[in-house]
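Sequences are here, hints too, so could you generate the full structure?
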Amino acid sequence: MGKPKKRVSPRIANQVNRDFERLILLSIIGAVRTANAPWECNLIGRPCWDPRIVAICVFMKISLCKTYDGIEAYLKSNTAVAQRLSVEQLPGHSVIARGMPKMSMSYIRIISKLVTFQMRRRGMDIAVDSSGFSLKTSSKWFDIRIKRKSEKKDYLKFHIVIDVDTEIIWHFTITDWKGADAKEFKRLIRDLPRIHKAAGDKAYSSRVNCQAVADKGGEAIPLFQGKRYG
443 MGKPKKRVSP
453 RIANQVNRDF
463 ERLILLSIIG
473 AVRTANAPWE
483 CNLIGRPCWD
493 PRIVAICVFM
503 KISLCKTYDG
513 IEAYLKSNTA
523 VAQRLSVEQL
533 PGHSVIARGM
543 PKMSMSYIRI
553 ISKLVTFQMR
563 RRGMDIAVDS
573 SGFSLKTSSK
583 WFDIRIKRKS
593 EKKDYLKFHI
603 VIDVDTEIIW
613 HFTITDWKGA
623 DAKEFKRLIR
633 DLPRIHKAAG
643 DKAYSSRVNC
653 QAVADKGGEA
663 IPLFQGKRYG
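Each residue of the sequence shown is one higher than the last, beginning at 443 in my numbering.
Fair warning: there could be bad hints in the mix.
[As the list claims (entries may be wrong)] Below 20 Å or equal to it, Euclidean Cα-Cα: the simulated SDA-like pairs (lysine to any residue) are: (1) K555 / A473; (2) K544 / D511; (3) K644 / D618; (4) K639 / V606; (5) K628 / R551; (6) K544 / R494; (7) K628 / S647; (8) K518 / S536; (9) K508 / A524; (10) K582 / W619; (11) K518 / R460; (12) K508 / A522; (13) K518 / R540; (14) K518 / H535; (15) K658 / R632; (16) K555 / I616; (17) K518 / L467; (18) K625 / I663; (19) K644 / P664; (20) K628 / D618; (21) K658 / R629; (22) K658 / P635; (23) K508 / K518; (24) K595 / L577; (25) K628 / A656; (26) K625 / A641; (27) K555 / D567; (28) K599 / A641; (29) K544 / P493; (30) K625 / G574; (31) K644 / I663.
[What the hints assert, rightly or not] So the derived label-pair ranges between C-beta atoms look like this: (32) S519 / G621: 42 to 50 Å; (33) P452 / K591: 55 to 63 Å; (34) Q525 / E593: 47 to 55 Å; (35) K518 / F575: 26 to 34 Å; (36) K625 / A656: 16 to 24 Å; (37) K591 / P635: 47 to 55 Å; (38) G534 / R632: 33 to 41 Å; (39) F575 / K644: 17 to 25 Å; (40) T476 / I610: 13 to 21 Å.
Since the hints were derived computationally from the structure, they do not count as laboratory data. Built from N, CA and C at the ideal position, the CB exists for glycine as well.
Listed below in structure tokens is the structure:
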């Protein structure tokens, strides 16, 4: 039997959530100010918003899991964000929506590394895994053997490496669905310090990957699933 769940005081929970949001904001502001601007301002036409301010709003939207209307309402009600950025007004939902597709993958990686760099520690226990997500496009072909046209939705694979204790995502890669998972392992742990243990399913198991973990002073723990019988 499991232990009964303790009821958390709403007052304490709200205080923790507010402090968590404040720490997220400070981390994002520090990272965005350290990095170069994600794009250059257009000098033609009406004055545009500072790209760094728009980028901060975009990352806040993602971190807090809000809609565009939701992040606009949050930024208007939370005056601390505008005070930290030394501005009187923050972008609305339409400006944030236009700024989202301007975020290049290289810029997102830079901000991710700057935010998590101070949390790195030696001797971490890590885990790697991947998941697929479908795209709008699909592949069609004609199968000669069964004499029928087939169709399959295209999808990409999202690989991550996390710290088991803190659940922080240290690195991620996105590959085509045809790519082998094992080839992504070395890229995922390349920038990590010394490792204690590294766990992953059999898709990441290879002699090269086990050696990569050993080179960082760690122990590889491949997870093999047994056969399931109904």
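Verification of the hints:
Proximity of K555 to A473 is assessed by CA-CA distance (about 9 Å); at most 20 Å being required, the pair is judged to hold. Restraint check: the Cα-Cα separation between K544 and D511 comes to about 19 Å, which is no more than 20 Å; the hinted pair holds. A threshold of 20 Å between alpha carbons decides the hint, and for K644 with D618 the separation of about 19 Å falls inside it, so the pair holds. Restraint check for K639 and V606: the C-alpha separation of about 10 Å stays at or below 20 Å, so the hint holds.
Our distance criterion of 20 Å between C-alpha atoms is met by K628 and R551, whose separation comes to about 17 Å. As the CA atoms of K544 and R494 are separated by approximately 12 Å, the hinted pair is consistent with the 20 Å bound. Only pairs whose Cα atoms come within 20 Å are accepted, and K628 paired with S647 is accepted, the gap being roughly 11 Å. Of the pairs offered as hints, the one joining K518 and S536 holds, with about 14 Å between alpha carbons and a cut-off of 20 Å not exceeded.
About 18 Å separates the Cα atoms of K508 and A524, which keeps this hinted pair within 20 Å; it holds. Using a Cα cut-off of 20 Å, the hinted pair K582 and W619 holds, with the two alpha carbons roughly 16 Å apart. For a cut-off of 20 Å, the pair hint linking K518 to R460 stands: about 16 Å separates their Cα positions. For the suggested pair K508 and A522, the alpha carbons sit about 18 Å apart, so the restraint of at most 20 Å is met.
A hinted pair counts as satisfied when its Cα atoms are at most 20 Å apart, and K518 with R540 qualifies at roughly 19 Å. Between K518 and H535, the direct Cα distance comes to roughly 11 Å. Compliance with the 20 Å bound is thereby established for this hinted pair. A threshold of 20 Å between alpha carbons decides the hint, and for K658 with R632 the separation of about 10 Å falls inside it, so the pair holds. As the CA atoms of K555 and I616 are separated by approximately 16 Å, the hinted pair is consistent with the 20 Å bound.
With a CA separation close to 15 Å, the supplied pair K518 and L467 stays within the 20 Å bound. Note on K625 and I663: the hinted pairing holds, with a Cα-Cα distance of about 17 Å set against a maximum of 20 Å. Restraint check for K644 and P664: the C-alpha separation of about 6 Å stays at or below 20 Å, so the hint holds. Using a Cα cut-off of 20 Å, the hinted pair K628 and D618 holds, with the two alpha carbons roughly 17 Å apart.
Taking the CA atoms of K658 and R629, the gap is about 14 Å. The hint holds against a cut of 20 Å. A C-alpha spacing of about 7 Å is found between K658 and P635, which places the hinted pair at or below 20 Å, so the restraint holds. As the CA atoms of K508 and K518 are separated by approximately 14 Å, the hinted pair is consistent with the 20 Å bound. Restraint check for K595 and L577: satisfied, since their Cα atoms lie roughly 7 Å apart, inside the 20 Å limit.
Between K628 and A656, the direct Cα distance comes to roughly 12 Å. Compliance with the 20 Å bound is thereby established for this hinted pair. Note on K625 and A641: the hinted pairing holds, with a Cα-Cα distance of about 15 Å set against a maximum of 20 Å. The suggested pairing of K555 with D567 holds, with an alpha-carbon distance near 18 Å, which does not exceed 20 Å. With a CA separation close to 19 Å, the supplied pair K599 and A641 stays within the 20 Å bound.
This hinted pair checks out: K544 and P493 have alpha carbons roughly 10 Å apart, not beyond 20 Å. For the hint linking K625 to G574, the alpha-carbon distance of about 16 Å falls within 20 Å, and the restraint holds. Between the alpha carbons of K644 and I663 the distance comes to roughly 10 Å, so the proposed pair stays at or under 20 Å and holds. Against the hinted window of 42 to 50 Å, the Cβ-Cβ separation of S519 and G621 comes to about 44 Å, which satisfies the hint.
Between P452 and K591 the C-beta distance comes to about 57 Å, which sits within the given range of 55 to 63 Å. For Q525 and E593, the Cβ-Cβ distance of about 53 Å falls inside the hinted range of 47 to 55 Å, so the restraint holds. Between K518 and F575 the beta carbon distance is about 32 Å. The supplied range of 26 to 34 Å therefore holds. Under the hint 16 to 24 Å, the C-beta atoms of K625 and A656, about 18 Å apart, fit the expected range.
Between K591 and P635 the beta carbon distance is about 52 Å. The supplied range of 47 to 55 Å therefore holds. For G534 and R632, the hinted distance range of 33 to 41 Å is satisfied, since their beta carbons lie about 39 Å from each other. The hinted range of 17 to 25 Å is satisfied by F575 and K644, whose Cβ atoms lie roughly 22 Å apart. For T476 paired with I610, a C-beta distance near 19 Å keeps the hint of 13 to 21 Å intact.
The structure fails none of the hints (numbered hints given earlier).
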